[in-house]
Amino acid sequence: MIVGIGTQVLECARVRKLIDRHGEAFLRRVYTDREIGRCNADPRTTEAFAAVWAAKDAVFRALGSPWRRGMDWTDVEIGAGNAVAVAGATADRMTAKGASRVMVTTAFCRAFATATGIALADRAG
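Just so we're aligned, residue 1 is where the sequence shown starts under the UniProt record's numbering, counting upward by one.
A couple of the hints might just be wrong.
Each pair of labels, with its calculated beta carbon distance range [stated by the list, open to error]: (1) Gly70 x Ala25: 34 to 44 Å; (2) Arg123 x Asp20: 44 to 54 Å; (3) Arg16 x Asp122: 31 to 41 Å; (4) Met1 x Gly79: 35 to 45 Å; (5) Arg44 x Ala121: 13 to 23 Å; (6) Pro43 x Arg123: 21 to 31 Å; (7) Gly64 x Arg29: 34 to 44 Å; (8) Ala85 x Met1: 31 to 41 Å; (9) Ala87 x Val9: 24 to 34 Å; (10) Cys109 x Asp72: 37 to 47 Å.
Quick caveat, the hints were computed from the structure, so don't treat them as lab data.
All of these numbers come straight from a predicted model, not from anything done at the bench.
Using N, Cα and C, we set each Cβ at its ideal position, and we do this for glycine too.
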């Protein structure tokens, strides 16, 4: 059963500017070590970072908290194949929402990255 849906669209150039301006501090604030490694290994590094950030935000929105409300960006990890792992306050929010898992899909081009997250409960009702 679907308990929430969230979508985000980001400009890749905005993400590139943040990386250029704030470097490692920005990356460590938003991304996990594994995400940083995967994005840096992608030949479309900027687009990969933008897609992961969009996916994280889509997860927060699917859980009903577009402003994160105490949840850290690194509470959500987007893995290979868009696998979603949650921890900390985000896991607490997920439990409170009645969701047992969140699925995401991402897409990007040179200019934009988009993601949709769907929070799911194990059973209806």
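Hints and how they fare:
For Gly70 and Ala25, the Cβ-Cβ distance of about 21 Å falls outside the hinted range of 34 to 44 Å, so the restraint is violated. For Arg123 and Asp20, the Cβ-Cβ distance of about 47 Å falls inside the hinted range of 44 to 54 Å, so the restraint holds. Hint check: Arg16 to Asp122, Cβ distance near 39 Å, so the stated range 31 to 41 Å holds. For Met1 and Gly79, the Cβ-Cβ distance of about 24 Å falls outside the hinted range of 35 to 45 Å, so the restraint is violated.
With their beta carbons about 35 Å apart, Arg44 and Ala121 fall outside the hinted range of 13 to 23 Å. Range check, Pro43 to Arg123: Cβ separation about 42 Å, and the 21 to 31 Å hint is violated. Range check, Gly64 to Arg29: about 23 Å between beta-carbon atoms, so the 34 to 44 Å window is missed. At about 21 Å, the beta-carbon gap between Ala85 and Met1 misses the expected band of 31 to 41 Å.
One distance hint, 24 to 34 Å for the beta-carbon pair Ala87 and Val9, holds here, with the actual separation near 26 Å. A hinted range of 37 to 47 Å for the beta carbons of Cys109 and Asp72 is inconsistent with their spacing of about 29 Å.
In this structure, the earlier hints numbered 1, 4, 5, 6, 7, 8 and 10 are contradicted, and the remaining ones agree with it.
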